[in-house]
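Please put together the full structure from these sequences, using the hints given.
2 protein chains.
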Amino acid sequence: MELLLNLLFAMAVLFALARVGSAIVSKFGLPGLIGEILIGILIANLAIGDWSLMETLGLEMPVPGVEGDMGSEIYTIVYALAELGVIFLLFSVGLETKVKDLLGSGKAALLAAVMGVVLPFIAGLALILAVDGNMNHALFMAAAMVATSVGITARIIKDMKLMDSREARIIIGAAVIDDVLGMIVLAVVKGMSESGFSIGNILSISIQAVLFVVVIILACKFVVPRIYDYFDNRRRKAIEAGKVPASANKLALALIVCLFMAAFAEFIGLAAIIGAFLAGMLFADYAWEWELEHKVESITSFLISFFFLNVGLQVDISTLTDTSVIILSVVVIVLALLTKYVGCGIGTRIADKSMDNHSAFNIVGVGMMPRGEVGIIIASIGLASGAMSQELYAVVVLMSVATTIIAPPILTKMFRKKYPEEYTILAEDRI
Amino acid sequence: MELLLNLLFAMAVLFALARVGSAIVSKFGLPGLIGEILIGILIANLAIGDWSLMETLGLEMPVPGVEGDMGSEIYTIVYALAELGVIFLLFSVGLETKVKDLLGSGKAALLAAVMGVVLPFIAGLALILAVDGNMNHALFMAAAMVATSVGITARIIKDMKLMDSREARIIIGAAVIDDVLGMIVLAVVKGMSESGFSIGNILSISIQAVLFVVVIILACKFVVPRIYDYFDNRRRKAIEAGKVPASANKLALALIVCLFMAAFAEFIGLAAIIGAFLAGMLFADYAWEWELEHKVESITSFLISFFFLNVGLQVDISTLTDTSVIILSVVVIVLALLTKYVGCGIGTRIADKSMDNHSAFNIVGVGMMPRGEVGIIIASIGLASGAMSQELYAVVVLMSVATTIIAPPILTKMFRKKYPEEYTILAEDRI
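Chains as they are written, first to last, in this note's numbering: chain A, 11 to 441; chain B, 11 to 441.
Careful: at least some of the hints might be erroneous.
Chain copies aren't distinguished; within one or between two, either way the pair holds.
As the list claims (entries may be wrong) - Pairs of lysine-lysine, DSBU-like flavour, derived with a Cα cap of 30 Å:
1. K168 - K260
2. K171 - K108
3. K37 - K260
4. K171 - K260
Simulated from the structure, these hints should not be mistaken for laboratory data.
This is the structure:
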């Protein structure tokens, strides 16, 4: 009972503070998630004398790099809620992503993703090799710079109700491809740092990832409509025969598929959110009819605040007192922003002639900037395996948070410039 | 990442099995929660040779009576989801309970609750004193027999869409009063077993509990409407002045109040679900306008399965091999069923002349039978403090589960007999 009391108290305080942060930044026209991340940073670092808010809330964080350390029970639960939140968020993004639309923006998304992976990787590798000379350090920094956090950009696009815009389709498509590429890069980098370069390793994870996506797309096009028609026919026949039609609980079915596919993605070495996104795509054509969007939205709106809070909680400001670490951080942040801006922008511009410079660079390029939790996860894997130093870990965390804080307001402004009318809907809805 | 994979896998398997169990018992006209509890018992006891499903799922249960042992991380998270589920369930029950309706069925609910507390307490105390002679054992058994689990009956009533029936009002009202009385009994019993009889202790917890309920009822009648009117006026003025009106996220606000009040109830020694229920009552008059019911319903429908699974998981069949334990269990179960049936039935009949014997005994009496998690919690507190034996703990668990399994199908049948039409809505909706 002690745990339940502490958990409810911690959840109430965290959730209330997150909503306050969200409301405050909304007043300035920024997406609420920035407020939630900043509140997370504030909570993590708020201490007066011997007292700290983290301790009062029972939030003992895991020590980075210590295998199996999950922190206190309450932190473990908050972490689980946060992960479920981002999984359901990507699921609901998937629900709004119909396969035919995704394939429609395929070429631009693909080239934007590839260019947005190659440039940051080269930049990160070259920088750390020049500064530090350690190949493992350089590889992990390069991998962390590659990652894009779909979740953050997706929420901005959802908040602004711009899911149907061409730019949003390219960003979401590119971010998904980017995630798959990023996971392949991570797997390769991890393999190289552990046991040297292995063609088999690269091939196996690459094939798995591509196969997963292709299978889901084929299922969406050919298998799912038939399953749906089968149940639809059975239902119609039952009604004609005068029986009460058997109707499964559709939300439960969707959530079960989402959880299994997220687990499966994690199991084959991809991120759980990729599985959740693809699961959403499976239901996309029936999401409206089954009222799935609204129902998943309610669950997500409760859980997702814990995810962005947790992104903020990971930041320990006190590690950043060394001048050389600060200078390196600034250089890495600038490179992280610039390489996505240029890489994704050029990729979009080349592949899709209908995109002007504003759409290609200022919207797609900026939309791909946030590294969010993905960069931090990659850095922590490097730290845990001993392939990364404590200082570089701090740099990656700062880079991930900085890109996550810097990109959204710019993206919001750039979207607003192109779609002024849609923004009004947002303002009315959220402020 | 290892934890995330295992968690997602365990959640997917648990949730899928729970839905299968729910669907199967629904075919027989039973409420889905019975299937979920039975699936929980099955999962807890499914082992072939060295293999067990619990181990495969990473569900290491806490050892009963070991202070601070929460089992594995995955079990801790499932436990937290279960508790959040029952808290949100009671919150949504509260959302449908308007103060004016509750006060309307006040006298019958009060007398049903009081009689349904006194009779089981006396029976439990007398039985264990006769069989075992240990006063502490007898006191804790009596307290465990007093408890009513509102959650289980509430779900049946919600599933059958009978929230507006007079019987449902009495049951819900009586269950809330019963919970408060049960917690007072628990506090008194715990105090007596620890430090002897103390008037101060009894008075303090009694006053707190009564005050809490009275304050909320007064707030619903006088304070909440004024707060609502204030924001409504401000909004209207903003629209008149040509500004975009500020509208808070109402679901978030409701959830924050729910979490804080659940924590507060737990803090002052009541159950968290009482706080959640009272929080729901605060919003009841605006639940429809703010679309709170549907949104909370989505969150609840995902989480509540874990609660009923967890009720089943707590049952270890192997503890029940001793013949004397089995005989005692049967006697306790019969007494537990009978004392609620007679106590609540007589209470209802005396206080409300409009209730016939079927409504008073077969609906209200049966509806108050399930002890659910509340009995188990009380027994585990007794076990942890050393005031209860391992055998009596097993008996209480069996009694809690048995009453929870026996009562719902009877209640469903009795409700169906009185309200045949409404049942059709349920069948169409869930089967």
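Q: Of all the hints given earlier, name the ones this structure violates by number, lowest first.
A: Per hint list: zero violations.
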